[in-house]
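Single-letter residue listing:
2 protein chains.
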Amino acid sequence: ALALATTAAAQFKPDELIQYRQAGYLFMSWNMGKIKVNLDRDYNEAQVADAANAIAAIANSGMGALFVPGTEHDIGEVKTHVKPAFFENPDDVRELAMDFNQKANELAKVAQNGDPNAVGAAFGEVGKACKACHDKYRAD
Amino acid sequence: ALALATTAAAQFKPDELIQYRQAGYLFMSWNMGKIKVNLDRDYNEAQVADAANAIAAIANSGMGALFVPGTEHDIGEVKTHVKPAFFENPDDVRELAMDFNQKANELAKVAQNGDPNAVGAAFGEVGKACKACHDKYRAD
Chain L
1341 ALALATTAAA
1351 QFKPDELIQY
1361 RQAGYLFMSW
1371 NMGKIKVNLD
1381 RDYNEAQVAD
1391 AANAIAAIAN
1401 SGMGALFVPG
1411 TEHDIGEVKT
1421 HVKPAFFENP
1431 DDVRELAMDF
1441 NQKANELAKV
1451 AQNGDPNAVG
1461 AAFGEVGKAC
1471 KACHDKYRAD
Chain X
1341 ALALATTAAA
1351 QFKPDELIQY
1361 RQAGYLFMSW
1371 NMGKIKVNLD
1381 RDYNEAQVAD
1391 AANAIAAIAN
1401 SGMGALFVPG
1411 TEHDIGEVKT
1421 HVKPAFFENP
1431 DDVRELAMDF
1441 NQKANELAKV
1451 AQNGDPNAVG
1461 AAFGEVGKAC
1471 KACHDKYRAD
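Taken in sequence, the protein lines are chains L and X.
Residues 1341 to 1480 (the numbering used here) are what the first sequence spells out, left to right.
Residues 1341 to 1480 (the numbering used here) are what the second sequence spells out, left to right.
The hints are simulated quantities; they were obtained by calculation from the structure and are not laboratory data.
All values derive from a computational prediction rather than experimental measurement.
Misleading hints may appear alongside valid ones.
Computed cross-link-like contacts, BS3-like style, restricted to lysine-lysine with a CA-CA straight-line distance of at most 25 angstroms [to be verified]:
no. : chain 1 : residue 1 : chain 2 : residue 2
1   : L       : K1468     : L       : K1449
2   : L       : K1471     : L       : K1376
3   : L       : K1419     : X       : K1419
4   : L       : K1468     : L       : K1423
5   : L       : K1419     : L       : K1476
6   : X       : K1468     : X       : K1376
7   : L       : K1376     : L       : K1449
8   : L       : K1376     : L       : K1468
9   : X       : K1353     : L       : K1376
10  : X       : K1471     : X       : K1423
11  : X       : K1449     : L       : K1449
12  : X       : K1468     : X       : K1423
13  : L       : K1419     : L       : K1376
14  : X       : K1476     : X       : K1419
15  : L       : K1353     : L       : K1423
16  : L       : K1419     : L       : K1353
17  : L       : K1353     : X       : K1376
18  : X       : K1419     : L       : K1353
19  : X       : K1353     : X       : K1423
20  : L       : K1471     : X       : K1353
21  : X       : K1353     : X       : K1449
22  : X       : K1449     : X       : K1376
23  : X       : K1471     : L       : K1353
24  : L       : K1419     : X       : K1353
Chain L on its own, in the form it takes in the complex (with noise of 0.2 angstroms):
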């Protein structure tokens, strides 16, 4: 799979592939928000479901293959805020992504359910695994 996935990144280039990072991770905090606000606030199950879907799917879709050399810096108009770190320890970066991954389906099984305290819980968990990322790895 990491081949393949190799294989597929090569056919995009490195400013694309920055922009599609960005990309998933803005998106995924629109729906993070629509969540937080459902919490707040009125309760739609359904619309916290498809955000909980959209986020884990998201996390679902192999972004490590993103983040390949040439990446690591700005590329023009398109500015990076990863940190060099991110590419020194890609240990530690896969186990933190793969507790993300974790965090993101366990929130889009409990939303299914609807019950907002369960969700709130989850919620919370991806909001740790989010930021325990970006306090290692994103500049500000």
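With chain L's structure known, arrange chain X on it following the hints.
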């Protein structure tokens, strides 16, 4: 659901909404590209299924809420490529969006079974649905 989608949208600024919708489309296009590479070369069942799931989950996430008044035009540095016609023809847009959603969910379903021919056909249908909207409602 529409009222609640509006409530959730009210949390976000118009320039953020434009960036969220562009992110959703861009992330789908990465996943479309990966599926194409798989169809053209070595076919990796899991990679295709994951990519198709990401497209479907993004399609199902209620992107209509990202096209609210105030997001028809550029906002400072944030440029939009939506055509004014998008906001003038809500019924037609809804029809195209529903057709796209249905095709995206069909692709995700077919991708689970791992038959490249069936995936190729469903993939073609999704591509047509993307293009049908762009032809009418996206500027170059």
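Evaluation of the provided hints:
1. Distance hint between L/K1468 and L/K1449 is fulfilled; the C-alpha atoms sit about 18 angstroms from each other, no more than 25 angstroms.
2. The straight-line distance between the Cα atoms of L/K1471 and L/K1376 is roughly 16 angstroms, inside the 25 angstroms bound, and the hint therefore holds.
3. Straight-line distance between C-alpha atoms of L/K1419 and X/K1419 comes to about 17 angstroms, which keeps the hinted pair within the 25 angstroms bound.
4. At most 25 angstroms may separate the alpha-carbon atoms for a hinted pair to count; L/K1468 and L/K1423 meet this at roughly 19 angstroms.
5. In summary, the hint linking L/K1419 to L/K1476 is supported, as the alpha carbons are separated by about 18 angstroms, within the 25 angstroms threshold.
6. Between X/K1468 and X/K1376 the CA atoms are separated by roughly 14 angstroms; this keeps the pair inside 25 angstroms, and the hint holds.
7. Simply put, L/K1376 and L/K1449 have alpha-carbon atoms about 17 angstroms apart, close enough for the 25 angstroms limit, and the pair holds.
8. Restraint check for L/K1376 and L/K1468: satisfied, since their Cα atoms lie roughly 14 angstroms apart, inside the 25 angstroms limit.
9. Only pairs whose Cα atoms come within 25 angstroms are accepted, and X/K1353 paired with L/K1376 is accepted, the gap being roughly 16 angstroms.
10. With a C-alpha separation of about 14 angstroms, the suggested pairing of X/K1471 with X/K1423 holds against the 25 angstroms cut-off.
11. A threshold of 25 angstroms between alpha carbons decides the hint, and for X/K1449 with L/K1449 the separation of about 18 angstroms falls inside it, so the pair holds.
12. Between X/K1468 and X/K1423, the direct Cα distance comes to roughly 19 angstroms. Compliance with the 25 angstroms bound is thereby established for this hinted pair.
13. Proposed proximity of L/K1419 and L/K1376 is contradicted: the alpha carbons are some 28 angstroms apart, above 25 angstroms.
14. The straight-line distance between the Cα atoms of X/K1476 and X/K1419 is roughly 18 angstroms, inside the 25 angstroms bound, and the hint therefore holds.
15. Distance check on the hinted pair: L/K1353 and L/K1423 sit about 20 angstroms apart at the alpha-carbon level, within 25 angstroms; holds.
16. Between L/K1419 and L/K1353 the CA atoms are separated by roughly 14 angstroms; this keeps the pair inside 25 angstroms, and the hint holds.
17. Of the pairs offered as hints, the one joining L/K1353 and X/K1376 holds, with about 16 angstroms between alpha carbons and a cut-off of 25 angstroms not exceeded.
18. For the suggested pair X/K1419 and L/K1353, the alpha carbons sit about 22 angstroms apart, so the restraint of at most 25 angstroms is met.
19. Of the supplied pair hints, the one linking X/K1353 and X/K1423 holds, its CA atoms being roughly 20 angstroms apart against a limit of 25 angstroms.
20. With a C-alpha separation of about 23 angstroms, the suggested pairing of L/K1471 with X/K1353 holds against the 25 angstroms cut-off.
21. For the hint pairing X/K1353 with X/K1449, the CA-to-CA distance comes to about 35 angstroms; that exceeds 25 angstroms, so the pair is violated.
22. Proximity of X/K1449 to X/K1376 is assessed by CA-CA distance (about 17 angstroms); at most 25 angstroms being required, the pair is judged to hold.
23. At most 25 angstroms may separate the alpha-carbon atoms for a hinted pair to count; X/K1471 and L/K1353 meet this at roughly 23 angstroms.
24. Among the hinted pairs, L/K1419 with X/K1353 is consistent with the structure: their alpha-carbon atoms are about 22 angstroms apart, no more than 25 angstroms.
Hint check: violations occur at hints 13 and 21; the rest are consistent with the structure.
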